[in-house]
Amino acid sequence: MSDAAFEAFVRRYQDLVYGTAVRLLGNPVDAEDVAQTVFLRAFQRFAQVGTSPAAPGWLKTVTRNECLNHLSRYRNRWQLFGDAPETALASADSPATQLEIDDRRRELAAALARLPDHQRVPLVLFHFDEMGYQEIAATLGVSLAKVKTDIFRAREALRRYLSEADAAH
Amino acid sequence: MRRIDLESAVHEELRALPLPAAPPTLLPRVLAAVEAWARRPWYSRTWFTWPGVWQAVSIAAVAVAAAAAVVGTPWVLQSIEETTAVTAARILWRTLAAPLVPYLFAVVMLMCLACAAVGTALNRLAFGRT
Chain A
1209 MSDAAFEAFV
1219 RRYQDLVYGT
1229 AVRLLGNPVD
1239 AEDVAQTVFL
1249 RAFQRFAQVG
1259 TSPAAPGWLK
1269 TVTRNECLNH
1279 LSRYRNRWQL
1289 FGDAPETALA
1299 SADSPATQLE
1309 IDDRRRELAA
1319 ALARLPDHQR
1329 VPLVLFHFDE
1339 MGYQEIAATL
1349 GVSLAKVKTD
1359 IFRAREALRR
1369 YLSEADAAH
Chain B
14 MRRIDLESAV
24 HEELRALPLP
34 AAPPTLLPRV
44 LAAVEAWARR
54 PWYSRTWFTW
64 PGVWQAVSIA
74 AVAVAAAAAV
84 VGTPWVLQSI
94 EETTAVTAAR
104 ILWRTLAAPL
114 VPYLFAVVML
124 MCLACAAVGT
134 ALNRLAFGRT
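Top to bottom, those sequences are chains A and B.
For any residue, its number in my numbering is found by taking its place in the first sequence, counting from 1, and adding 1208.
For any residue, its number in my numbering is found by taking its place in the second sequence, counting from 1, and adding 13.
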């Protein structure tokens, strides 16, 4: 295996891995750590993964699993999958913050990142990874009802945020 | 807004988001981590990444150890049986410990049941699992 081939592999897929991680974790620093771990695992299996057409799918699955492990390892599970207080979007209500942000997509991405973990993770799995409610419930080890409730609340929070952003512009 | 409208509206908005780009620091970080990993001696890495020869040697060593344990255990047990210390321990067990075994077993079972009940309640109430 050549170093150049692995470097090209990282260049090709770094946005996919990092983007997936940052959406799930809502934190660029943690996402970079996870991306590094994922690429290290890819390096250890580079003979199989390097030229495989299944590489993007493999990377996405490993990234998702690493993110879920990271969340359950480093954060309090009571906050992750419990009913944490929903203060996450409160900071977006500040007029100063809204004036500083002028790009609607950036605003939405920021709002997504600010969602509590237990809402953002199932929402991202549903809308970006196209997983079903049942599959998400099994992946996160929570009830189907909780997944539906958390996703609904997350959508409501995003809708509120977007309405406020639209009104401000 | 109806639930289904909200779902499609949010889906549309989210799917329109561009994939966040990796920071320029990621590539050098990954390459440095890979280089550090490659510098580690093979025996300090995970078994699956060991050289094939050493994987085979380790499997053979484990097989030999397991065979030795199977063959040697009866011989060791027989040697222990013949000592007076074992006879004394057996008498002590019969007179002091054996009568308490049923009660101890009942207490352990009750504790297991209590733990299972608390665990189930915690799972349902705190984590929302079924």
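Treat each hint with caution, since some may be false.
[Stated by the list, open to error] Incomplete in silico selection of chain A near chain B, CB under 7 Å:
1. Asp1223
2. Gly1227
3. Asp1241
4. Leu1316
[As the list claims (entries may be wrong)] Cross-link-like lysine to any residue pairs, in silico, SDA-like; alpha carbons within 25 Å at most:
5. A/Lys1268 / B/Leu32
6. A/Lys1356 / A/Pro1264
7. A/Lys1356 / B/Ala73
8. A/Lys1356 / A/His1278
9. A/Lys1356 / B/Ala79
[To be verified] Each pair of labels, with its calculated beta carbon distance range:
10. A/Gln1342 / B/Pro115: 30 to 38 Å
11. A/Arg1249 / B/Met122: 40 to 48 Å
12. B/Pro31 / A/Arg1253: 24 to 32 Å
For the record, the hints were derived by calculation from the structure and aren't laboratory data.
Glycine included, each C-beta is placed from N, C-alpha and C at the ideal position.
Each hint tested on the structure:
1. Asp1223: Aspartate 1223 of chain A check passes; min Cβ-Cβ to chain B is 5 Å, inside 7 Å.
2. Gly1227: With a minimum Cβ separation of about 4 Å from chain B (threshold 7 Å), the hint on glycine 1227 of chain A holds.
3. Asp1241: This interface hint is violated because 9 Å lies over the 7 Å limit.
4. Leu1316: Hint on leucine 1316 of chain A: holds, closest Cβ of chain B at ~6 Å, below 7 Å.
5. A/Lys1268 / B/Leu32: holds, 13 Å
6. A/Lys1356 / A/Pro1264: violated, 28 Å
7. A/Lys1356 / B/Ala73: This hinted pair is violated, its Cα atoms lying about 52 Å apart.
8. A/Lys1356 / A/His1278: holds, 23 Å
9. A/Lys1356 / B/Ala79: violated, 51 Å
10. A/Gln1342 / B/Pro115: 30 to 38 Å: violated, 46 Å
11. A/Arg1249 / B/Met122: 40 to 48 Å: holds, 43 Å
12. B/Pro31 / A/Arg1253: 24 to 32 Å: About 29 Å separates the Cβ atoms of proline 31 of chain B and arginine 1253 of chain A, which means 24 to 32 Å holds.
Of the hints listed earlier, those the structure fails to meet are numbers 3, 6, 7, 9, 10, in rising order.
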